[in-house]
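Chemist: These are the residues of each chain, in order.
Protein chains: 2
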Amino acid sequence: MTQEHESTTPGEWVTYRPGIKVLDCTVRDGGLVNEHQFTDEFVKGVYAACVAAGVDYMELGYKGAKRLYSPTVHGKWKHCTEDDMRAIVGENPTSLKLSAMADADRCDYKTDILPKKDSVIDLIRVACYIHQLPLAMDMIKDATDKGYETTLNIMALSTVQEAEIRTALAEVAKGPVNVLYVVDSYGSLYTEQVDAYTKLFLEYTAGTGKHVGMHAHNNQQLAYANTIQSIIAGANWLDATINGLGRGAGNCQMELLLGFLKNPKFKLRPILEAIRDHFVPLSKQIEWGYNLPYMVTGLLNQHPREAIEWLDGPKRDDFVAFYDYMME
Amino acid sequence: MTQEHESTTPGEWVTYRPGIKVLDCTVRDGGLVNEHQFTDEFVKGVYAACVAAGVDYMELGYKGAKRLYSPTVHGKWKHCTEDDMRAIVGENPTSLKLSAMADADRCDYKTDILPKKDSVIDLIRVACYIHQLPLAMDMIKDATDKGYETTLNIMALSTVQEAEIRTALAEVAKGPVNVLYVVDSYGSLYTEQVDAYTKLFLEYTAGTGKHVGMHAHNNQQLAYANTIQSIIAGANWLDATINGLGRGAGNCQMELLLGFLKNPKFKLRPILEAIRDHFVPLSKQIEWGYNLPYMVTGLLNQHPREAIEWLDGPKRDDFVAFYDYMME
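One line per chain: the protein sequences are C and S, in this order. Quick note on this note's numbering: the first sequence kicks off at 1 and runs consecutively. Quick note on this note's numbering: the second sequence kicks off at 329 and runs consecutively.
Calculated from the structure, these hints are not laboratory results. Backbone N, C-alpha and C define an ideal beta-carbon position, used for all residues, glycine too. Don't take each hint at face value.
In silico SDA-like pairs for lysine to any residue, Cα to Cα no more than 20 Å straight-line [stated by the list, open to error]:
#1 C:K262 / S:E520
#2 S:K590 / C:D318
#3 C:K199 / S:I560
#4 C:K267 / S:G617
#5 C:K267 / S:D652
#6 S:K502 / S:E492
#7 C:K262 / S:K502
#8 C:K174 / C:K199
#9 S:K590 / C:K315
#10 C:K267 / S:A649
#11 S:K595 / C:K262
#12 S:K590 / C:S158
#13 C:K284 / S:E520
#14 S:K469 / S:D436
#15 C:K315 / S:G617
#16 C:K284 / S:K502
#17 S:K595 / C:D324
#18 C:K315 / S:R604
#19 S:K643 / C:D277
#20 C:K284 / S:R597
#21 S:K612 / C:E287
To spell it out: a stretch of chain C is covered by chain S in this simulated footprint if at least three of its residues, at any positions, have a beta carbon under 8 Å from a beta carbon of chain S; those stretches are [unchecked claim]:
#22 269 to 277
#23 317 to 325
With the rest of the complex left out, here is chain C (with noise of 0.2 Å):
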């Protein structure tokens, strides 16, 4: 294959498409479950086997701010400080890529974010709703100036007007990012969507560089299936965790996503040895993954809230009553 076929053209996935790039976001979104209680072993884990899988970036938490997030109530990986990150990772000598999301409005994104000379991350990701853009292209601004690669990941695209979107990627596209994620944030998207949510980022893409990227949630068993059609559309970015930890019905799994990328960087069996090493130990204490209440709110394009709320109350088994209760 050669590199004029790397970017995004269609069906090169059947062999392998170079410029395709996994995210592991288990450690940052699987943190949602449990405030990012994670102990240093777990992590370690993941990193381990994000190396050893040739996963391309791993994602070690949120940038938040510590006037919203005590740290009494949040673990580490809510504020990635340096020293906690390279406790982990000492000074990562390994070609495994290090992110951190910071969330517009809950970042103090000027004071927290070193610049890159003096931290182990490589890659910013900018995560907002439609209307905090204007922070988020600030945001992006002084991550690009600070010296990091940068994503801008729009939440909840499933709420927002497609007018709204193209006026969003326009002013965008015109700016530092690298990458424009496709986010489903309440695991609502049809493979129909996802491939139409992809060619239209990739309109805004062209001719600048930049690529798409992927985000799926599982509420409908379709965060994986979603994956490959953004793929096949042209994103060049995929995000996974592994297990399919994350928030409510979890992520597209990197274990079903490296089976199906025939790149022979990508190994299978470090991820299944963390899974049975970590996950299953883990799946005894918390619990995340596909779920019918998920799946109610997916099918009705809510956030997952109510679901997660209904999860750990009396009623839990009742998915009948949550339905008629979300169809009110």
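Given chain C, work out where chain S should sit, using these hints.
Modeler: Just chain S, lined up with the frame of chain C:
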């Protein structure tokens, strides 16, 4: 929507395609998990749910030869006698049609399948491997002559070369069968392959009045996604099971499928009720659904039997060892 759109026009499913038929095979495929040892209460629950949900067909089980499947080992849904079926459905005074599956070489069809006028069954589904096609064609002729609707389900398609499939389809399309099924026995197919198979089958049904169906397995969490893809490609008959109950990783979940289909005759709530009342209790007794060993067999395009055995053994949680074993 006019009738001219009824058959296979892509895109029409965004509103809805009246020609789409949903077939519940919960008891038939699910019975492969527990030797068809369901209680009458359970089967009545599935039947009532299918009626209330507007499902088109319910498959009660197999017409398995008693010389091969002893009634002391296998439950009554391995044989589907008229007495046993009528104990559940009476004279079936509903719009739900009933089906039974007849396996090539495992069914004494000439004697055990009664004339339609003496049976509550409406549809005989003939399952075979490709080398059993001549026998399957005789079984279809026999069932047609007796007054039944028929389908042909060629199993393990993913192990058959396209030239053989084409020969089979050309031959079968000359006969009386009503529906030709794409059967992903191993749960190994990706959506692009499902698209290609569905279109291949439609080449041979074009102009015949026959339909194409989809029967998916969930080894790679693609059963539902692949079923949607088959709809887009033009399949009109869709297999699903309540709660995904079925051999190994199970099947396309009825609850996901009915949530997706927009025909107002389909109701999701009765399916959720059935899961709460019958499937949650059953899940304490038997196991089904997506699991890593099934992912591995799906990925490798293998029958799930070795994964099923592994999960019954002492090393069930060591899926790394299973992966190594399958990769030898």
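Chemist: The structure should be examined with respect to each hint, and the outcome stated for every one.
Modeler: Verification of the supplied hints:
1. C:K262 / S:E520: Roughly 16 Å separates the two Cα atoms, so the pair holds.
2. S:K590 / C:D318: violated (24 Å)
3. C:K199 / S:I560: holds (18 Å)
4. C:K267 / S:G617: Cα-Cα ~25 Å, so violated.
5. C:K267 / S:D652: Holds, because 13 Å separates the two Cα atoms, which is no more than 20 Å.
6. S:K502 / S:E492: holds (16 Å)
7. C:K262 / S:K502: violated (40 Å)
8. C:K174 / C:K199: holds (18 Å)
9. S:K590 / C:K315: violated (29 Å)
10. C:K267 / S:A649: Distance ~15 Å between K267 (chain C) and A649 (chain S) Cα, so the pair holds.
11. S:K595 / C:K262: violated (40 Å)
12. S:K590 / C:S158: holds (19 Å)
13. C:K284 / S:E520: violated (37 Å)
14. S:K469 / S:D436: holds (14 Å)
15. C:K315 / S:G617: With a Cα-Cα distance of about 23 Å, the restraint between K315 (chain C) and G617 (chain S) is violated, given a limit of 20 Å.
16. C:K284 / S:K502: Roughly 56 Å separates the two Cα atoms, so the pair is violated.
17. S:K595 / C:D324: holds (13 Å)
18. C:K315 / S:R604: holds (11 Å)
19. S:K643 / C:D277: holds (14 Å)
20. C:K284 / S:R597: violated (30 Å)
21. S:K612 / C:E287: holds (18 Å)
22. 269 to 277: This one holds; 5 residues, not fewer than the three required, reach chain S with a Cβ under 8 Å.
23. 317 to 325: holds (count 6)
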